[in-house]
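Construct all of the structure, not just a fragment, from the sequences and the given hints.
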Amino acid sequence: MFHKQHPPAGSRPGTLALPPDSPPPQIRVYQYSAESLAEHAIGKVDELVPFAASDLTTWVDVRGLGDEAVLRRLAEIFQIDPLALEDAVNLPQRAKSEAREHHQVIIARLPQVGEDGSIDTPQVCLLLGKHHLITFQERPLGAFDPVRERLRSGIGPIRSFGADYLAYALIDTVIDRYYPPAESLSNELEDLEDEIAERESPEALARLHDIRRQLVVLRRIGWPQREAITSLIRDQTPFVTDEVRSYLRDTQDHIAQIVELIDSCREMTVSLMDIHLSAVSQRTNEVMKVLTIVASIFIPLTFIAGVYGMNFEYMPELHRRGAYPMVIATMVAVAVGMVAWFWHRGWIGRGRRSGE
Amino acid sequence: MFHKQHPPAGSRPGTLALPPDSPPPQIRVYQYSAESLAEHAIGKVDELVPFAASDLTTWVDVRGLGDEAVLRRLAEIFQIDPLALEDAVNLPQRAKSEAREHHQVIIARLPQVGEDGSIDTPQVCLLLGKHHLITFQERPLGAFDPVRERLRSGIGPIRSFGADYLAYALIDTVIDRYYPPAESLSNELEDLEDEIAERESPEALARLHDIRRQLVVLRRIGWPQREAITSLIRDQTPFVTDEVRSYLRDTQDHIAQIVELIDSCREMTVSLMDIHLSAVSQRTNEVMKVLTIVASIFIPLTFIAGVYGMNFEYMPELHRRGAYPMVIATMVAVAVGMVAWFWHRGWIGRGRRSGE
Amino acid sequence: MFHKQHPPAGSRPGTLALPPDSPPPQIRVYQYSAESLAEHAIGKVDELVPFAASDLTTWVDVRGLGDEAVLRRLAEIFQIDPLALEDAVNLPQRAKSEAREHHQVIIARLPQVGEDGSIDTPQVCLLLGKHHLITFQERPLGAFDPVRERLRSGIGPIRSFGADYLAYALIDTVIDRYYPPAESLSNELEDLEDEIAERESPEALARLHDIRRQLVVLRRIGWPQREAITSLIRDQTPFVTDEVRSYLRDTQDHIAQIVELIDSCREMTVSLMDIHLSAVSQRTNEVMKVLTIVASIFIPLTFIAGVYGMNFEYMPELHRRGAYPMVIATMVAVAVGMVAWFWHRGWIGRGRRSGE
Amino acid sequence: MFHKQHPPAGSRPGTLALPPDSPPPQIRVYQYSAESLAEHAIGKVDELVPFAASDLTTWVDVRGLGDEAVLRRLAEIFQIDPLALEDAVNLPQRAKSEAREHHQVIIARLPQVGEDGSIDTPQVCLLLGKHHLITFQERPLGAFDPVRERLRSGIGPIRSFGADYLAYALIDTVIDRYYPPAESLSNELEDLEDEIAERESPEALARLHDIRRQLVVLRRIGWPQREAITSLIRDQTPFVTDEVRSYLRDTQDHIAQIVELIDSCREMTVSLMDIHLSAVSQRTNEVMKVLTIVASIFIPLTFIAGVYGMNFEYMPELHRRGAYPMVIATMVAVAVGMVAWFWHRGWIGRGRRSGE
Amino acid sequence: MFHKQHPPAGSRPGTLALPPDSPPPQIRVYQYSAESLAEHAIGKVDELVPFAASDLTTWVDVRGLGDEAVLRRLAEIFQIDPLALEDAVNLPQRAKSEAREHHQVIIARLPQVGEDGSIDTPQVCLLLGKHHLITFQERPLGAFDPVRERLRSGIGPIRSFGADYLAYALIDTVIDRYYPPAESLSNELEDLEDEIAERESPEALARLHDIRRQLVVLRRIGWPQREAITSLIRDQTPFVTDEVRSYLRDTQDHIAQIVELIDSCREMTVSLMDIHLSAVSQRTNEVMKVLTIVASIFIPLTFIAGVYGMNFEYMPELHRRGAYPMVIATMVAVAVGMVAWFWHRGWIGRGRRSGE
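Chains as they are written, first to last, in our numbering: chain G, 1 to 356; chain H, 1 to 356; chain S, 1 to 356; chain W, 1 to 356; chain X, 1 to 356.
Everything labelled a hint here was simulated from the structure, so no lab data went into it. All the given hints hold, so there is nothing to weed out.
Which chain S residues face chain W? A few, computed with CB under 8 Å, are given here:
#, residue
1, S264
2, A295
3, F303
4, G306
5, M310
6, F312
7, E313
8, Y314
Here the structure is a predicted model, which means the values were calculated and not measured. We treat Cβ as the ideally placed atom computed from N, Cα and C, and that holds for glycine.
Here it is as structure tokens:
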């Protein structure tokens, strides 16, 4: 449910706890203004030096965290202070937004639904400076691709704004990633409703528990995310302009909406569980009724038959002519009486109609 | 439970994600003062230009969002900034109130109960300027009709106030739309009580789950609505006068009352579910008692009969004259003893009285 | 559970939605100083004019809201602004305290337990001006009688203070009305405990659900009441002196105490419901044990008897002399073995002791 | 659960609602400095006059509230304003801390566990003036004895500080009284765990409900107590020095710790109730299994025996030599098959191991 | 669950309630700068005097609280005020951070999982002065060992910073101790899921309750820990520099993450308990079905056999040739009919597939 590869207790701060299976960093730089965009694949980290000094808006996109030397050199070039670097590469962390000397550090986590339905929550980090934005991903996640496309195509306002707008666009993209799993869980819940109420279905129960766990995971990353965006908007950080701040308010609404949807879903899972428990009880009740009806009718009859199966010498009834038909008639009367009583209590006929 | 036609993750802000099935906009303009009201159906969007410059109070009522060009031109005419326009037409959004440069953006959602009992929550958007109010509805909802009537009839203070009062009147009308579904759910819950306690009723259970879901939906839109109105009152927006603010306080009380009613109902659903579970258990208990009583009386008797049905040659009892009546007497004694014991335990007579 | 006679959605503010079955207003005026009290029954509303101008402390007590003309004229005489008047006569409203130009508007609701145990929550409204207090009741509720008596008798400080103290005294009286239902529910819960644990009692379950609903109603009116009094104390309204404010703090403690008592009771209802469910399960378990013991003992015996009731020609046992006693001995042995095993498992004897 | 002897609704403030069964006040005065302590038993209330004017630290300890005249005279002597006096003697009140003109009024309630396990919550009131502290107890509670001892012995800093430190010492003593019941409930819960999981034990269930109720009572007094101490620390009251304030912070931690312990216990009661319900269900399941196994094995066998007990003339099997052994063999085969199937399903052997 | 060795109620503040089984203090001093580190084992407490005056960063590490005289002398040397000393040695206390005259007092508690799975929560106290840090542990806990190693090795920034950074490093180490138990509980929960859904397993239930209790304990210490760190960051204490404050923000995120993980786990335990209850009910249902099927098929057949086992003289069927085969055929028909009906209801075949 939660696996943290945190460094051993008490390891010194300043340690970079690089994720062990992270690929070596691929670095791409995008430098743009309203008119143009230059895209560079960086081979050696020192090629970044000229970009750090530039006044053009610059996006340094780092995918993979597998080489400490590269990361440290990059930090040096862009004056990233050690704690900010740690935040960027140590994971998993709580979503947050924090001002450092030269950067606003923004940590976000996005949900990724695996093929087996498990939810992975990789982390992205944005370091927002005055003119540049540096992003780190544990491994290539594809989360930023739509923004990359918009940058390249130059459609929309993205290239007219500075690095803060780019950061906003990326955060917004990350938050949008919460919708699909939340909505798919919501839909699954609706599907489960019919299944649970109508049939015996242990699979449905297992699925319900699964949905519950996924909702718990989503909420655990979604809630700090909401706080992080709220604090990014509210704190008077110099790295974000008022205009971009009002864009972020929209993103804030989105994550609020998602958290509310998740909470609604959680409430529905409780209701469904109640339905399930009630359905099982109801079915047991039905089973018991069948047994009770069958047994209550035939056990007394069997007893009557048993009486006249006794081998006493002196049983006058046995020798009467009409005795046999009379006993059969009594049996029928008892059976009919039982059935009538069960019908009266609603266990037969009426009961079955409402009970099925 | 929740279907958002949000644009694909990472689509650029500034994109209008027009709802795909929205009809083309019908625009009506109402321009009024205390003395007069002029109503115009707008054919071409450019006819709006003179209204934008007017100092008279003007209401531009847009129903249908199906034409991006029209909406963009309208935004230009009334100096609606792009984010405000997006808020107006992208849906569904969270209820909110936000100040932009030339407008206060107010988003509200109203519950509409469908014929099948499902709750739809269409969105309306109000852009409140200094002298004008522009409203957007996804499709003609009829939500504003009562206010339109009041405007036309000129009764009451509505035409003596400015655009902010009109906005208040519309918001108040929207909030009043929450009462009918909330109250009808509350009434249904009361009806369910008798049904659940008295009869086996799987329909009641399904209905209960349904009510629960509707309450969850109502609360999910009602809660942000409350926040939105609170922030509209509290924030020092220049678009709303103090007088209208005190009117809004009344609306705030209404939505608070609704949310509290919804929460009460949710608590009652939990109680009803408990009652239901208890009733099912109780009924199973009743069924079991019948079986136990019948079986406990007749199984021992049948055994006795079985003993004397054995075919041993040397069973002296079989040949005694009084044996048969004595066995019958024993059986009666056993049966009476059993019944007495069950009566003593309260399963017969006393038990049935309290158990039904 | 909640019936609001709110005006139709979108009706114009300023409409008075007079409760349809409210009697015509009876107006009494009490004008007093420390030394004297003058009490007037008002026949025509214009007789109120001289009181409005007086500097003596004046209480205008309006019971019944059945005549709009009278109410509007009264509002005119005492400079009640339209929204305040609406607050006073439209109901039910949420408890609140709000400052208007000439009055502090205070809405309170008091619980009235009907003969059938249902809780009604009529509303009273206090409009507190500088020197006068106007109170409105939907119908004569008797809620203010004790204060009226104190005024008349002149005992205690009530006549030495101004209108704000009178308002405090009335609010305090209203809040005191919450104690009896809250305490009686609390006592009923204690009585239910024994009943639920000891006996099958569907009535107890129904009663428990009923208490739960009443607690929900009490809490729904009690919680806003608490907020309203808190805001009356905290807001810097000019109509309430600091001295009276410190009296109100006491009232605030009372309503807090009541809300806490209600919450405690709600928690106990949950516990009682658990007890009930557990008791039903336990009883089913007992019933099953009886059946199982009886059936497990006699079914095998019946089988043995059945074997020797078979009519095969070649069954050597049937012709042996000692066979019958031996079979009976075997049966006894089986029965004793079964009983011993059940005793060992604690289902007989030991089990019955703890299970009853 | 909660019995308030509040005055009738609407009784005038300023009324002293003396607890009816309170003994007449015993008054003791302690006047001390770092060097000395003078202790006086007061016979007539006017003997207190000289103490009121003294600059020495003075503690007036009033036990019993049974004489209104004495209390009113005492209030006069020490300039206790009427509301403060009411707070001191009307009970039960919510724990609180409030500044009056000449005194800080502090109300606390302490839990007293009766011999029958019920929790009583008597109230103590502290009126803290500049140089004196007046304490009221409904009846002699013994709650202050440890502090009295410390005063007399002169050990520790208590006599070097002023009246505010004395007040702190008394409050701290009161809060320490919460530990024993909270801890004893916590211990009882641990004992119940084994009992509930292992045995049928209706007593355990009753005990659990009892613990739950006691926790609810403790929390209802503990929570306002926490608030009261917090507000005593935070409010800038002139009666408490900064130094004593930092002592109080310790007391605040204690009550917070207690409330957290109570909440933990409440959570454990829920878990235990679940365990109990599960255990009852499990036991019913076990009972059913025994019945099902016995019945499923013997009912078919009895049927077979029944078939060959029929008296048809033409049943060729009856006359075959080997028929009887063959039928017996068949019966054994059926029984073995049944047992094997139950063993396969885990109801026999494997099932019993895990099921017991 | 919670055992406090608090001093008897009302014992004087200033009392040191030394834990009775605490070993005598072992004191070690670490004095360091970026370049060097001196480590001293202190035999007699007066050897500490020179360190108190030094301007070098000094860490006084006290393990064991078993000698009051030593602790009092130490307090004198380092100007620890009495309340701070009490905080350090009286236990268990709530985690907190509080400014005193010469020290910031920080109390933390760390979870230690015993071999039997119980969670112990020993306390550590940090007194942070301008140039020195004094730490107290009830007994040698090993919690600080990693930091000690870092100090000795001189790797990382730890020796370049002052005492506040050292305090941070120690707190961070303590918080890291929360991860292992929280994560192990989270993992255990995942393991339990399969066990609970698939098998009858009372051990699983007991384990679940155990996990629940451990989560409750973890949360009870974790939550105040979070508050304490938040207040350490937020309060403007002069003992912590802004730089270290930003390091602490990281620690704050960690404890927030832990608390959120714990809450998620608690939610999953509720879900698992539901699953368990549902599984038991489901199994009872299965058992009942088997019984019902067997009994419903064979009881009627036995009755038929019983009828023809009666000994009436005049039963014409008994003498017909084909009667026996016809009765057998009837029996088969009844049995097949029953089976078909059960199959139709899904209790056989289809039912078993989904029901297992």
